[in-house]
Amino acid sequence: MTDSSVASILILDDEPMVTRSLTALLQTETAWTVSAFNGASLALAALSNGAFDAIVSDFLMPEMDGLEFFRRVKEADPLASRVLLTGYADKQNAIRSINEVGLYQYVEKPWNNDDLLLVLRNAVERTRILRRTDDLLRSLAERDRSMESLRARLLKAIV
Amino acid sequence: MPPDPIPEDVLIWLRRIFSSHPDPVRMVRRDGEVLFRNVAAQETVPDGLGHLCREDRRGRDLTCPACRLGQTLREGSHQRWHVVVPPSSEHDPKTYYEITHCPILDAEGKPAAVIEVLRDATIALGVEQYLIDTAESLESEVGRRTDEAGRLRERADSLGAELGALRTAQSELVYRDRLVALGHLVAGLAHEIRTPLGAVVSSADVTRRQLARLRDEPDPASATDRIAAALASLDVVNDGAQRILGVVRSLQLFSRLDEARRKEVDLHEGLDSTIALLGCRMGDAVEIVREYGEIPRVPCRPDAINQVFMNLLLNAIQAVEPRGSIRIRTYRDGPAVAVTVTDSGPGIPADVLPRVFDLGFTTKGPGRGSGIGLALSRVVLEEHGGSIDVVSEPGRGASVTVRLPLVAAEEDR
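Chains as they are written, first to last, in my numbering: chain Z, 26 to 184; chain C, 21 to 433.
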């Protein structure tokens with residue numbers, strides 16, 4: 026993925042009102058591709074079809090809670106930034122989720138649109154930097170390997 | 021000075037007088053010589069006459085040091101005392117003797133001799149001793165019982181204190197339970213309000229943003245798009261506000277139970293209007309089967325009872341979604357009228373069943389349940405003197421029965 030490509034974002038909340046609001050906000054303020062879901066299984070299916078730059082999830086949901094969802098997200102795509110958006114204002118949950126699944130941010134409902142946009146822009150940027158670093162490290166390792174084989178061939182030719 | 025001898029005729033009289041006396045009787049002169057013994061004394065004390073008193077008793081254990089002969093002679097008054105004869109073998113009882121010394125006064129009024137009577141007092145003293153022993157044992161028994169009573173009282177006191185402590189702890193627990201339940205309720209309510217509120221605040225903001233940009237929008241097509249987007253966001257604002265209003269209403273009902281008036285109500289009307297209200301939420305895939313029986317009008321607070329029906333039907337609808345059937349049965353049940361709502365849903369797991377009436381307990385997830393419905397329904401029914409019971413087996417649906425007593429109606433009349 027390159028910087029010029031359109032950022033993509035996944036939203037999961039069992040409450041359609043919330044996904045509608047967030048989709049409207051992001052469509053108004055950004056050019057991102059927004060995929061919104063009201064059930065965790067559909068969201069996970071979408072995740073397996075392509076990478077997202079940021080993933081926003083509710084905490085209390087009937088199918089599985091936000092923590093379990095993020096645990097699976099982390100397995101599928103560890104670099105995607107994870108943002109918990111919850112109305113269950115409970116510091117314990119926040120600490121637990123940050124510790125357990127490595128959250129990027131914890132946002133409480135009701136949220137402020139400007140704050141949320143800032144969080145999501147940073148989240149997207151963070152993911153992109155991580156991905157680019159990852160790509161660079163990978164190509165560096167690749168180059169290391171080819172250098173090594175070149176050196177081996179050189180040694181063979183000389184000796 | 022040698023003592024005067026006792027005339028022979030006197031001794032004859034003495035023998036006549038005491039010979040048949042069943043107890044041993046002796047006459048002992050002032051110097052201790054035994055002058056006379058009756059038949060019983062001869063059997064008891066085998067030595068012959070003419071011996072000293074001391075010798076006469078030799079071989080017996082009548083203790084001479086205890087003898088009051090000297091005292092009788094000195095004081096000229098009779099003496100009576102007891103002596104103990106130890107048993108000859110371990111198995112024999114002790115023997116007690118009561119000894120009486122009566123002085124015989126001479127012409128000058130001085131004691132010249134003593135008449136001694138021995139009486140076996142074992143039985144009398146035994147009885148006395150038994151009485152003493154019994155009294156002592158009774159006394160000690162009384163003491164023991166008193167101590168025991170004291171200990172029991174102390175135990176009772178400490179038990180009372182423990183009971184008090186337990187009661188305090190129990191009320192503390194009940195209070196804490198209530199606090200925990202209240203905490204759950206408040207957390208659930210906070211979530212129930214925060215989620216739609218988030219949508220309201222955000223969508224109102226999006227509406228404002230769209231309208232702000234509309235001012236400078238040169239392209240009519242884009243302007244139309246912005247207006248459409250703003251209207252869609254306003255719809256979300258409206259939906260969210262309605263949702264919050266619903267939560268607030270359920271809370272108001274919770275707090276205003278006492279204000280509502282009792283009326284005699286046809287429950288079928290309440291059920292029908294509740295079903296009608298819920299119609300839009302059900303669609304055609306949920307079948308409602310009414311099995312209304314012949315029931316009298318029931319005294320109740322109709323708004324509260326309708327809220328209970330609403331809760332039960334909402335639960336049933338959510339249980340059977342996306343499709344299924346709900347059976348509503350009404351019938352007379354003794355002194356009460358019963359309404360049973362049975363759904364064809366997945367049923368309630370055994371571990372969840374005991375908690376369904378807990379305030380703030382829900383398995384539905386946010387947006388679908390706040391854990392208020394059944395808890396509130398139970399409060400409403402208890403307040404009506406009725407009851408609410410849930411029966412369920414996983415895989416076989418759930419059945420909730422509400423009972424409202426008719427008794428109140430008779431009292432009112």
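Do not take every clue at face value.
[To be verified] Computed far set for chain Z versus chain C, every beta-carbon distance over 10 Å:
| no. | residue |
| --- | --- |
| 1 | V43 |
| 2 | E54 |
| 3 | D102 |
| 4 | I120 |
| 5 | E167 |
| 6 | E173 |
| 7 | V184 |
[Unchecked claim] For each label pair, taking beta carbons as the anchor points, the in silico distance ranges come out as:
| no. | chain 1 | residue 1 | chain 2 | residue 2 | range |
| --- | --- | --- | --- | --- | --- |
| 8 | C | G415 | Z | G64 | 42 to 50 Å |
| 9 | Z | D160 | C | G415 | 50 to 58 Å |
| 10 | C | G415 | Z | T55 | 20 to 28 Å |
| 11 | C | G415 | Z | L92 | 23 to 31 Å |
| 12 | C | E341 | Z | T55 | 53 to 61 Å |
| 13 | Z | A56 | C | P238 | 13 to 21 Å |
| 14 | C | A252 | Z | D160 | 24 to 32 Å |
Keep in mind the hints are simulated off the structure, nothing from the lab.
Just so you know, these numbers come straight off a predicted model, no measurement behind them.
Built from N, CA and C at the ideal position, the CB exists for glycine as well.
Exercise for the section: Could you let me know if the closest chain C CB is still more than 10 Å away from the CB of Z:V184? Expected result: holds (70 Å)
Handout entry: Z:D160 versus C:G415 beta-carbon gap, inside 50 to 58 Å or not
Key = holds (52 Å)
Practice task
Could you see if the CB distance from C:G415 to Z:T55 stays within 20 to 28 Å?
Solution key: violated (47 Å)
Handout entry: Range agreement (Cβ of Z:D160 with Cβ of C:A252, hint 24 to 32 Å)
Key = violated (39 Å)
Practice task
Test the statement that Z:I120 is away from the interface with chain C: the closest C-beta pair must be farther apart than 10 Å.
Solution key: At about 16 Å from chain C, Z:I120 clears the 10 Å cut-off, so the statement holds.
Practice task
Would you check whether the claim that Z:E54 is not at the interface survives, using Cβ distances to chain C and the 10 Å cut-off?
Solution key: violated (7 Å)
Handout entry: Cβ distance range 42 to 50 Å for C:G415 and Z:G64, holds or violated
Key = violated (23 Å)
Practice task
Would you assess whether Z:V43, listed as outside the interface, keeps its beta-carbon beyond 10 Å of every beta-carbon in chain C?
Solution key: violated (5 Å)
Problem - Cβ distance range 23 to 31 Å for C:G415 and Z:L92, holds or violated - result: This hint holds: roughly 29 Å between Cβ atoms.
Exercise for the section: Could you see if the CB distance from C:E341 to Z:T55 stays within 53 to 61 Å? Expected result: With Cβ atoms ~35 Å apart, the hint is violated.
Problem - Closest CB of chain C to the CB of Z:D102 still more than 10 Å away - result: holds (25 Å)
Handout entry: Closest CB of chain C to the CB of Z:E167 still more than 10 Å away
Key = Label holds. Min Cβ-Cβ 45 Å, cutoff 10 Å.
Hints 1, 2, 8, 10, 12 and 14, counting from the list given before, are not met by this structure.
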